[in-house]
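Trainee: Protein chains in written order, with our numbering: chain A, 1 to 114; chain B, 1 to 112.
By construction, these hints were calculated from the structure, which means they are not laboratory data. Any given hint might turn out to be false.
Here are the computed lysine to aspartate or glutamate pairs in the EDC-like style, where the Cα-Cα straight-line distance is at most 16 Å [to be verified]:
#1 A/42 with B/7
#2 B/14 with B/56
#3 B/71 with B/52
#4 A/49 with B/44
#5 A/101 with B/78
#6 A/101 with B/44
#7 A/101 with B/7
#8 B/57 with B/78
#9 B/57 with A/99
These numbers come from a predicted model, not from an experiment.
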Amino acid sequence: AQSVTQLDSHVSVSEGTPVLLRCNYSSSYSPSLFWYVQHPNKGLQLLLKYTSAATLVKGINGFEAEFKKSETSFHLTKPSAHMSDAAEYFCVVSAPSNDYKLSFGAGTTVTVRA
Amino acid sequence: DTGVSQDPRHKITKRGQNVTFRCDPISEHNRLYWYRQTLGQGPEFLTYFQNEAQLEKSRLLSDRFSAERPKGSFSTLEIQRTEQGDSAMYLCASSPGQETQYFGPGTRLLVL
């Protein structure tokens, strides 16, 4: 079985300040982990993915995430938020034991204050 | 690579009507997935195909739902006798095997 818990349903930051989105996962096998972003009325865009290589993963638009097996976490960070980062963010897990089907967290809504 | 496309982008229908959605995956991607996303929730897996073979259907997919992928290219998702609870965003994704899934823009369904 696999699942994801996003610890914050909503995060509000000021433009130019750091962003932290927290994610914990559960998987019975070595998982692949992803962060996707969804802007209003748009599809899902891949930000970054972890697939058992380097534990610090860099993605698009200045985002990065660190895989911590001991803490079963995969938190997403960005040093300086931009207005265009306002969106819904999903932490996602997949594993070979589940034939790589994706299991999504409930999402974190990010708002950015000017 | 033109990305995953879905048609229509929006659909409003009356309860009891049938609707059909289409998904065109990235060319040469042999896997195609359907997900459903309701308001305020993350997407949930519905079904997926390896080429033309439908490998699994979620228990979320009632008998009113059917999906096909003839010739292993585009896919259709049909909902018969729609209910208000079917209102959601229907997302399609494709992948080149057991790799990253790339999503289309989705079809938003509203059942009145």
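Trainee: None of the hints should be skipped; say for each whether it holds.
Mentor: Here's how the hints hold up against the structure:
no.	hint	in the structure
1	A/42 with B/7	holds, 14 Å
2	B/14 with B/56	violated, 29 Å
3	B/71 with B/52	holds, 6 Å
4	A/49 with B/44	violated, 19 Å
5	A/101 with B/78	violated, 21 Å
6	A/101 with B/44	holds, 10 Å
7	A/101 with B/7	violated, 23 Å
8	B/57 with B/78	holds, 14 Å
9	B/57 with A/99	holds, 13 Å
Comparing the model with each earlier hint shows violations of hints 2, 4, 5, 7; every other hint is respected.
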